[in-house]
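What follows is each chain in one-letter form.
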Amino acid sequence: MVASKKSDKEHGKGHLTMKTPPVVSQQEWEAARQQLLVKEKALTRSRDALAAERRRMPWLAVDRKYEFDGPTGKVSLLDLFEGRRQLIVYRAFFEPGVFGWPDHACRGCSLGADQVAHLAHLNARDTTLAYASRAPQKDIERLKARMGWEMPWYTITDSFDADFGVDQWHGHNVFVLDGKRVFRTYFINNRADEAMGTTWSYLDITPFGRQETWEDSPEGYPQTLPYKWWNWHDNYDAEASPHPKWIDIITNPQEAARKREAEEKA
Amino acid sequence: MNDSMKSMKDELGAPKIVDGSTFHAELDALRIREKAHTREGDAIAAARRRLPTVEVDGATPLIGERGAVTLLDAFEGRRILIA
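Sequences listed follow chains D and Y, in order. Everything in the first sequence is counted per the working numbering, starting at 1 for the first residue and increasing by one. Everything in the second sequence is counted per the working numbering, starting at 1001 for the first residue and increasing by one.
Since the hints were derived computationally from the structure, they do not count as laboratory data. Hints should not be assumed to be uniformly reliable.
Claimed, not checked - Here are the computed distance ranges between Cβ atoms for each label pair: (1) Y:L1081 with D:D234: 24 to 32 Å; (2) Y:R1033 with D:D79: 33 to 41 Å; (3) D:D63 with Y:R1033: 25 to 33 Å; (4) Y:L1051 with D:G83: 45 to 53 Å.
Said to hold, decoys possible - So these bits of chain Y aren't anywhere near chain D, every CB distance computed over 12 Å: (5) A1059; (6) P1061; (7) G1067; (8) A1068; (9) V1069; (10) T1070; (11) L1071; (12) A1083.
No residue lacks a Cβ here, since even glycine has one placed at the ideal position from N, Cα and C.
All chains should be built: construct the whole structure from the sequences, respecting the hints.
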C-alpha cells in the first residue's frame, strides 16, 4: 500500500506554519490524556444509549415483493437474508453515469467497501450484510474481483432504491425477519455511512444490537455473554459452541494462566 | 448460533409495528440525537489535535519483515504513525 506516497507527502508542506501543541513530559501528557479520556468514555456511553434507542425503534412492514439479480439469477429481499434474522443493505453507486464507470464504483462507496470487516463475525450474530447497485451482475462480479471485495452484492431491478431512500444518495437500510415477514427497522446515511465497517458499527444499527448481556435491550431479545461468542473468522463453522479453553480465559484470565502453567509442567 | 440464542428469539416480544409516517417521524427524532453525537465526536477529535506531545526516540529499534529498522523507518516517509 505505497501507491500514493507522493501525494501523501504534499500534506506535509505547510508544517512550518502549523501551530503545534507544546512538547511536554510523559507525566503531563498522561494527565492531559486522562482528561480527554473522560470525554471519550462519555461519548462511548452515549453511542451505547443511541444503539439502545435503535433497538426500541418501531418496525415498518415491507409488503412489496422486491426482486434483485444475484450471481445465480433472480432473488427476493427474503433471499438476501441468506437464512439469517437480520439484514443490512448498503446501496452503493455503481452504474453507467457514475464517475469511474465501468472500471470502478463511486469513490466514496469504494472507500466504504474497502473498510468492511470480515463478515464471519457479523454472520455469527445472525446478521447478513449485502451491497446493492444498479449495475448488472457481470460488472459487479468484475468489480469485486478487481478490488478484492467479498460481500454479497446484488443488482437492484425495481423501486427498491426509491422506496428506501437510496435512489439519489447512498445509505444503509436495516431489515429484520419475523417468520416470513420482512420489516424495515432502521436507516442511516451521510456521515453515519462513513462510520460503518467494523462488526460493532453494523451491529449497533440492527434491531438486536450486539446481542450481548450488558446491553440495554427489550425483554426477550437474543443475548449471550460478551467475548465468549468471538471466534477466528475461519473457525465459526468448525466450532459450533465456544472452545472451553477460550471460555476459561475470558471467565478468569488468572485462573486460566495458572492452569496453563500446570499443564506445561505436567 | 447456539441453541440458547434460538430459544430466546422465539420468545421475542413483538415490537411496535407502525405506518411509514410514524416510522419516519421516529427516525427523524433519533437522527437529531445521532447528529449531536457525531458533533461531539468531532469536538473530541478537535481536542485530540490540541493534546500536547511527548518526544520519543526515533532510533528505537524494531524488527521488520526485512530485518532491523527504527521507529523512524516505520513512518515510511509519512508524517503520522499509528503503532
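field: Status of the stated non-contact between L1071 (chain Y) and chain D (beta carbon gap over 12 Å)
entry: The assertion about L1071 (chain Y) holds, with a minimum of 16 Å to chain D.
message: A range of 25 to 33 Å was offered for this pair. Does it hold for the Cβ distance of D63 (chain D) and R1033 (chain Y)?
response: Once the Cβ atoms are compared, 30 Å apart, the range 25 to 33 Å for R1033 (chain Y) and D63 (chain D) holds.
query: When you look at the beta carbon of A1068 (chain Y), is every beta carbon of chain D farther off than 12 Å?
result: holds, 20 Å
field: Claimed clearance of chain D by G1067 (chain Y), with the beta carbon kept past 12 Å
entry: holds, 18 Å
task: Measuring Cβ to Cβ, find out whether T1070 (chain Y) lies farther than 12 Å from everything in chain D.
output: Label holds. Min Cβ-Cβ 18 Å, cutoff 12 Å.
task: Could you say whether the range 24 to 32 Å given as a hint is met by the Cβ separation of L1081 (chain Y) and D234 (chain D)?
output: Holds, since L1081 (chain Y) and D234 (chain D) (Cβ atoms, about 30 Å apart) stay within the stated range.
task: Over 12 Å to the closest beta carbon of chain D is the bar; see if V1069 (chain Y) clears it.
output: holds, 15 Å
message: Can you tell me whether the CB distance of R1033 (chain Y) to D79 (chain D) sits inside 33 to 41 Å?
response: holds, 34 Å
query: Can we confirm that no CB of chain D comes within 12 Å of the CB of A1083 (chain Y)?
result: Nearest chain D Cβ is 16 Å from A1083 (chain Y), so the label holds.
L1051 (chain Y) versus G83 (chain D) beta-carbon gap, inside 45 to 53 Å or not: holds, 47 Å
- prompt: Taking the closest pair, is the beta carbon of P1061 (chain Y) still more than 12 Å from chain D?
  reply: holds, 20 Å
Exclusion check [A1059 (chain Y) not at the chain D interface, CB over 12 Å]: holds, 18 Å
Violated hints are absent here; each numbered hint is respected by the structure.
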